[in-house]
Every structure is written in structure tokens, then in C-alpha cells.
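There are 2 protein chains.
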Amino acid sequence: MHTAADSTIVPAASGRFLHDHVADFVRSLIEDGTLKPGDRVPSLRAIRRRLEVSMATATRAYETLEEGGWIEARPQSGFYVRSPRAAALEAPQRGHTPGRPERLDVPSLLGSLAPADESDNAVTLSLALPDPELLPTRALQRALTRVARAHPGASTEYAFPPGIETLRRQIAYRVAGAGCRVHPDDVLVTSGCAEALTIALQCVARPGDVIAVESPTFFNILTMIERLGMRALELPTDPLEGLDPQAFERALEHNSVSAALLVPNFNNPLGSCMPDAAKRRVVELAQRYALPVIEDDIYGDLHFGDRRPSLLRAFDDGSHVLTASSFSKTVAPGYRVGWLLAGRWREGANSLKHALSMATATLPQLVMADFLENGAYERHLRRLRSAYHAQVERMRHAIAQHFPAGTRVSEPRGGFLLWVQLPDRVQAIDVYRAALDAGVRVAPGNLFGSGAAYDQYLRLSCGAPWQPALETAIAALGRIVHDLAQWPAHGDIGA
Amino acid sequence: MHTAADSTIVPAASGRFLHDHVADFVRSLIEDGTLKPGDRVPSLRAIRRRLEVSMATATRAYETLEEGGWIEARPQSGFYVRSPRAAALEAPQRGHTPGRPERLDVPSLLGSLAPADESDNAVTLSLALPDPELLPTRALQRALTRVARAHPGASTEYAFPPGIETLRRQIAYRVAGAGCRVHPDDVLVTSGCAEALTIALQCVARPGDVIAVESPTFFNILTMIERLGMRALELPTDPLEGLDPQAFERALEHNSVSAALLVPNFNNPLGSCMPDAAKRRVVELAQRYALPVIEDDIYGDLHFGDRRPSLLRAFDDGSHVLTASSFSKTVAPGYRVGWLLAGRWREGANSLKHALSMATATLPQLVMADFLENGAYERHLRRLRSAYHAQVERMRHAIAQHFPAGTRVSEPRGGFLLWVQLPDRVQAIDVYRAALDAGVRVAPGNLFGSGAAYDQYLRLSCGAPWQPALETAIAALGRIVHDLAQWPAHGDIGA
Chain A
137 MHTAADSTIV PAASGRFLHD HVADFVRSLI EDGTLKPGDR VPSLRAIRRR
187 LEVSMATATR AYETLEEGGW IEARPQSGFY VRSPRAAALE APQRGHTPGR
237 PERLDVPSLL GSLAPADESD NAVTLSLALP DPELLPTRAL QRALTRVARA
287 HPGASTEYAF PPGIETLRRQ IAYRVAGAGC RVHPDDVLVT SGCAEALTIA
337 LQCVARPGDV IAVESPTFFN ILTMIERLGM RALELPTDPL EGLDPQAFER
387 ALEHNSVSAA LLVPNFNNPL GSCMPDAAKR RVVELAQRYA LPVIEDDIYG
437 DLHFGDRRPS LLRAFDDGSH VLTASSFSKT VAPGYRVGWL LAGRWREGAN
487 SLKHALSMAT ATLPQLVMAD FLENGAYERH LRRLRSAYHA QVERMRHAIA
537 QHFPAGTRVS EPRGGFLLWV QLPDRVQAID VYRAALDAGV RVAPGNLFGS
587 GAAYDQYLRL SCGAPWQPAL ETAIAALGRI VHDLAQWPAH GDIGA
Chain B
137 MHTAADSTIV PAASGRFLHD HVADFVRSLI EDGTLKPGDR VPSLRAIRRR
187 LEVSMATATR AYETLEEGGW IEARPQSGFY VRSPRAAALE APQRGHTPGR
237 PERLDVPSLL GSLAPADESD NAVTLSLALP DPELLPTRAL QRALTRVARA
287 HPGASTEYAF PPGIETLRRQ IAYRVAGAGC RVHPDDVLVT SGCAEALTIA
337 LQCVARPGDV IAVESPTFFN ILTMIERLGM RALELPTDPL EGLDPQAFER
387 ALEHNSVSAA LLVPNFNNPL GSCMPDAAKR RVVELAQRYA LPVIEDDIYG
437 DLHFGDRRPS LLRAFDDGSH VLTASSFSKT VAPGYRVGWL LAGRWREGAN
487 SLKHALSMAT ATLPQLVMAD FLENGAYERH LRRLRSAYHA QVERMRHAIA
537 QHFPAGTRVS EPRGGFLLWV QLPDRVQAID VYRAALDAGV RVAPGNLFGS
587 GAAYDQYLRL SCGAPWQPAL ETAIAALGRI VHDLAQWPAH GDIGA
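Those protein sequences? They're chains A and B, same order as listed.
No gaps in the numbering here: position 51 of the first sequence is 187 in our numbering, and each next residue is one more.
No gaps in the numbering here: position 28 of the second sequence is 164 in our numbering, and each next residue is one more.
The following block holds chain A by itself, in its conformation from the complex:
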């Protein structure tokens, strides 16, 4: 990242305002590549000092740059270079949803999304993984040392459901920040968000039942529903605002739905976020239809905007909404510390946890509790959100540069995932295969819905800080997509 350059001070000149010259100066840094899309622009204070202008002049200059689409302000963080190319990208279109419950097969290629072993040097854009560099490794090490000293034997003992009390208190405190008052005893600690969702599903539905989900949605949610013998009913979504409450209402009118499993905040893969009004409406419908709604909030703390988005649970008292989340995308995927607010299913959820996996590992719970108590989480989150936002913007810019016309890309409001719609005729599975040969792993859209809805989509993860290897990988993907766009699709051959 570059925050300063060696040019001389810009003098005030005839016919133009001083702030225009300040703006010219910053624009030149962007145009000559000294500042790249996603980079942080010198702060108002820094530019003021550097160019010896007043605060008002600097502020006016940055307003001009913002209006021109050169930079953007990010709350509590400063100004960043926008990518004009990325800004011109269109959002992906809706896929076709089948309109009836489906039994889904676990696609066999799921296994090959992850690297086979340590010798596998492929660039992995296929998994929603935070880069280890972004995680608070040192703070966790300190917490681990404290815990090991304070409770030498504790970590060997079972932490039976609902889990370690100090951790549940910290989670209840965090949830309060998202607009819900819950008691620590309402919190069940689970082995990550995945187990929380598994338990929630089994609390509210039985094999054979129909579960309403967003389309597209995280493939593990679809796999989980299928493996529990349930059926998924996929509902259409908006790429920015997620599930449409009207579509939800129609689905409830026309189908016998037993529960819903939604990702209202920064849906994986879309990055969409449901507005409060839509959330309120979904909860009203849940109440009217006596429908349990499970929300997966694993990305909720990773908002790019000012405000932490609300939980569905904020509009409910726990009699309809169950909330699942974890620290896997924010602190430590390997800790497997998630949680479930099961509301009125609390007792059932605790006993189900006991039956299915007995307890969550004790040591990671103790370390997480210590880490949260020490207040390091909020500071860490601010840095992390800013990093993810920059990485997402940088990746969008690279896609805009390297992918052919006709490519559409999501504009996520949080999280670190991009949803890419490929140009006409280009099949995701062909890109996936050619990319694998070229040493790049991507997640083909087919995984995120039933039938052929997302045959032409990819999900790319922006979990890692920008680096030359990523530029190379995106350029390679761009060439692959470009080449495939030149050729007739499978179906056309010999037709």
C-alpha cells in the first residue's frame, strides 16, 4: 500500500480552485498506479500537511474525488481508491429456482475444493477461508498461555452442554450488540456454526420435511438438509437485498414448509444483506405460519457499512427464530467454537448436542472466552472488516480487468466472497476444470443450488490479502473464461 509520493507541492493557479489541484494530485497518484484500487488514500490530515492546505480545502478535494468515483469513504477507516472498472460491473442475475422442494445429491467434486495436502500449491479461491495472516494469532497465543496456567486440568474435562459459562456470557454480550437480549443459559456452544445448524435443523424438523432456503445458498446447507433426509425448497433472492419477503410468503402459501434456514446477513455466496423491513416481515410470516426460522449469522460481524446488521432474532422473542454463528470467519476456524441460540427449543438442542457429539472441546472454549474478555475482539474486528473490504474491492477490480465482457460480479455488503456470473455459453464446470489444471481452485456455482440454476456462476473467496499470485490467478482465470467464451458450449457441439 502506498500512502505518500515524492512529487512537489502543488501551487494555487489561475482559474481553478485550490481544492481542484489537491484532487488532481491524488488522481495522478491513482492514474500512474502509485495508488491501486483498494489502497488507502492519504488521510485528510496527511494530505493537508503534505500540500499545506486548509482542512476545508482537503475535505472539498476529497468530496470531488468521491463524486467522480475515484475514491470512497469507509466508516472509521478513511478513504480508499475505487476501481472505476469494478464500479461498472453489473450484478449477477437471478438463477432459475425450481419452485418445488428438491432432494439434492452431494456433488462428487466437493472434495476437490480443498487442497489435497501440503504439497498442493494451487491458489485456493474455492473455500471461504480467512487468511491466517489476518487472524489474531498472537493474542490467541497469549490467551492460551494464560488459560494453560490458570486451569491446567480443566481442558481435559468434558464441558457438557450448554458449554463453558464464561464463554456463553461473552457470546450473550456480543449478541446484545446485534440487538438481542439473551441470557447466557440461552446460548449453546457448538463445534462451529455447521454443528449449530445441524442441531437446529433436527430440533425443528424431521426427515422428509421441507426446508425453505435462499437460492443460491452455501452448499453445506444443501448437503446438510439432504443428509438429514429433508428436502430443500429454494427461494429466489435479490443480489443486494437477499431473500424477497414476498417470494417467501408465496412459498409458504403454496407449499407445506416445515422450517426455513436463511443467511440474511452477507449470504454465502451473494454477500447480500436483508434490510430491516424485510427481516421484520419474514419474522411476521414465521409467526403467522408458526414456522421455525433458523438464521446463519456467521458473516454478520463482517459488515463493510457503518452498522452491524440486525439479527432476525432481534424481531422475535425466540419462539420462532433460532440463531447460529461462530468465530470461524473472524478469529479461528480451527477452534471450532460456534453457538446456537435455540430459543424455545433450548432444552431439546442441549440434549441433541449431548446425543450427537457429547460436548465441544474445552480448551478452545476457554481460550476464546479469555480472548473475548480481554476486549481484543472489537479492535481485531475493525481491522479485519477493513482488510476484507479492501480485498473484495481489489478482487472485483482484477476481475473487471481480466474477465471478458458479459461477466457480472456481486457487490457484497460484508463478508469476503464474490459471486461471478460468467458470459453466455461459458460453463462453470469447464472453468473449474481448466482452472484446476492451471493451479487455481474455484467453487463452481452448481454447488450452490439444484438443477442447472448456477451452471454459469463461480464463487471466489477474497479471504487473503492481495498479492501478485492472486493477480496471476485472476488473469489466468480471465484467459480461461475468455477462451471458453469463443467456443460453442457443450450442448451446441454437433447440433
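Just so you know, the hints here were simulated from the structure itself, not pulled from any lab data.
Cβ coordinates follow ideal geometry from the N, Cα and C atoms, glycine included.
Please note: incorrect hints may appear among the correct ones.
Which bits of chain A does chain B cover? Going by a derived footprint, with three or more residues having C-beta under 8 Å, they are [said to hold, decoys possible]:
| # | stretch |
| --- | --- |
| 1 | 162–169 |
| 2 | 215–225 |
| 3 | 267–273 |
Anything over 10 Å on all C-beta distances counts as not near chain B; from chain A, calculated [what the hints assert, rightly or not]:
| # | residue |
| --- | --- |
| 4 | 155 |
| 5 | 290 |
| 6 | 343 |
| 7 | 377 |
| 8 | 472 |
| 9 | 622 |
Take the given structure of chain A and dock chain B to it, following the hints.
Structure of chain B alone, referenced to chain A:
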């Protein structure tokens, strides 16, 4: 434990052999309570030195004591005081099994088996918990320190299925010791044995399917089957030799069974162990009926006899038998490190693990791998087996002392659980309630089977070293059972 006493050397006397006097000396230590049932008797070498007799004399003296039922030899460990009272206890009888698949309800009292919180001072005999004092806390702390130093960031990263390779290698090595050759890639690391069983069940059966189980069996197995929408078919067992292969064959002939879930080694609650011939027969039947058999081997390393009992898997190549186990009863319950050998269901098991809980916590896997690599496990196991054996014998002795006539108790061959059949008319649930009032938690037999089969049984855990509080607890239980045996049972009132 007392291993020496201050009496004078016993002289050789007329009409009796010298070894008789040596035997008298030891017997007097037992009779006056210096040595208590379950205590270790001075070694041959020690008694030889102390009484200045030859090795042959000492050996002959101990043989006499063994023949007289005063002491027993334990392989690689020495001689221990037997309880003549406990030796006279009869084994529990078989409960009635319904003979048809049942859907079981999770009993609501399951939650109250565990202490409510830290302020709960009840003596907990209700849970199969190893006492923390018996666990290798220091060795694990050292392993933790090494791991934290060697891989500061590793513990924050996902350890995707099948799990950390160094740990899988160690597990494969351990399994080889139980008679099976498996490749590390055949091992799936899970969150404890419970998750391994959950995954195994879902690999081989679907909701609605019938699963054959032993009766009695661990209540969590019954709960798990019920929560997965399957039905349990309970098969009769022998209190010493476990599942009868003939009963198994009849069940397969007369029912449409989809899979079996068995605990062949030290069944919970019986402590029974299937002989190799019976195991071989069960595997032959599994092959003939193309029936997947899941074995839960969580107690397999805790044998009181010389030899580690075989796995079912030792008689199969992985095409019919799946093996689940963990380190929860031997090293660290709180680590939640278990494993599954899924045989030909390997790929399905890995993807199911991914769908249901994504990964097992990384840090406990790394620490366990380090602990195993350092060779501390075998040494620890020897000590632990000897401690559990002594604790079980001590508890049997206390039951023989304090419980009224008509009480029957299991004679486990490994593990640390006792299965107690109460005298006529005494209902386990009444004992459970009265004991709770008296500050003692027990597990009522009702949890271990359907219907009324085990209404008159209790399971007691001997996970903790003997101490006065346990003596007091067993005495209190004895009084409760005694009092209840004086009164007509519920059903008789007013009849």
C-alpha cells in the same frame, strides 16, 4: 494404599510350612483392614525381603492366598486384595427385550444426570467420567507447550476431514495393536466417539431404518438412533460375554435390519466382552446378510485382563465393519478427539463430517498427536487400567457390604462401570430420586433400554479413586435400597 506393616518377622514353626506363615501374615493385614479390597499387596520381591524367605516360599504363599480367594494376580501389575463378599455377588440377569424395533423417547431425566453447576456438590456416579486425577494432565501440558511453540498459527486453521495427518498416523498405529492394518487415510478424526457414531449411522442407514443394538446399551446410542429417525432393535446379551451371535442370527432372520451398532468390548453398562469366536461369527453374519456393523470401541484399551481384546474389524476388511472410538475415557474427555474407520464408506464419511461439523478442532488434534508420538500413552494406559480395575473392585466390595441381599452386580472385564440389579420390588427410579435428595447421582437402568426392561437396574461409575465420600455415598445408596425393599412397589399399593 498400604504396602508394608510393622510386625516382626514370622518364624518357621512346627507342623506348618513356612509359606503358610507367610500367607497368614498377609491374610492378617487384610483381616485387620490394613490392606483393603482393591489394594495392592506387597510384591513377591518385597515380601521376600521383608520376611527373609526364599522366592519359592513367597510364590507358594501367594498361590495359597489366590486359591483361598484372598488375593488376585493382575498381569504386569502384581497382586491385589480381593473382596470375598464381592466375589460372592451374583451377576445381573437379562432384562426383557421387546423383540421388535422400537422408537425410543429421550427420557427427560437425562439432563439431571450431570451436575447442574460447580456449586452442585452431589457425588456423581451417574456419568462415565474418568477422574481428572487419573488423566495425564502434566504430559498434556508439556505437549501443549511444544505444540504452541512449534505451530503458533496452525491451531487457528481448519483441519478439514479427514483431519491432522500426524494424528491419523498415530491412530492407525494404535489400531494395528488391536489386530487391524489400516492406512492413515482410512482414519477420520471426529469430535469424540459420539460424532464418529453419528456419522457412521448416517453413512449406512437412513431415517426409518432398523438398527440392531445390544440390550442393555449406552443411552446415548439409543438417543442418537431415535434422533436420526431410525428405530432400535434390542438384542439380548450375556452379562459376561455380551451379544449372543445366535440371538443376532435369529434377529437378522426375522427382521429387516439395516445395520447394527454394537459395543463388543466392555459394553456400557455391562462391562462384558465378546469372545473372539463370537466376534468372528458376528462378522460372518454381517457378510452373509450384507449388513454394515458399527462397533463402538471406546473402552477397548481399558482391559483388566492381559490381552487387548480384538476389534470386530480384525475379522473384516472394512467392507462390513466400521469402528468408532476416542481418547475420552483414557486421556482427555475435554479434547473431543475421536475417530472413525469407515472402511468402504470412507469417502461418504469424510463428506458427511464436512457437512455436519466441517472439521474437528485443530489444537486438541495437534496436542494428542504429540502426546502419542512421545510414547507416553502406553505407560499411562497401564497405570490407568490398574486404577480402574482397583476402583471397580473396591466399589463392588462396598456394594456387597452395604446393599441388601438380592442385589446382583456385574463383574466387568474392563472399563469402569458397574451394572447393578436391585432386589425384587425396588424400582430404579425411586432409588434415583431418593439418592438425588441424599446428594448422590446414579443412572437409572430405564435409560439403557426400552419399555420396563431395566426398571430395576442402576449403572454406577467407578471413574474416581476410592475415597471416604464414595464409601458414604454407597452406604447411603444401600440404606435407600434397603428401605425401598421393605415397602410394597408402586404397583402393589392398594392392590
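Hint check:
no. : hint    : verdict
1   : 162–169 : violated (count 0)
2   : 215–225 : violated (count 0)
3   : 267–273 : holds (count 3)
4   : 155     : holds, 46 Å
5   : 290     : violated, 7 Å
6   : 343     : violated, 3 Å
7   : 377     : holds, 28 Å
8   : 472     : violated, 4 Å
9   : 622     : holds, 35 Å
In the structure shown, a violation is registered for the earlier hints numbered 1, 2, 5, 6 and 8, in ascending order.
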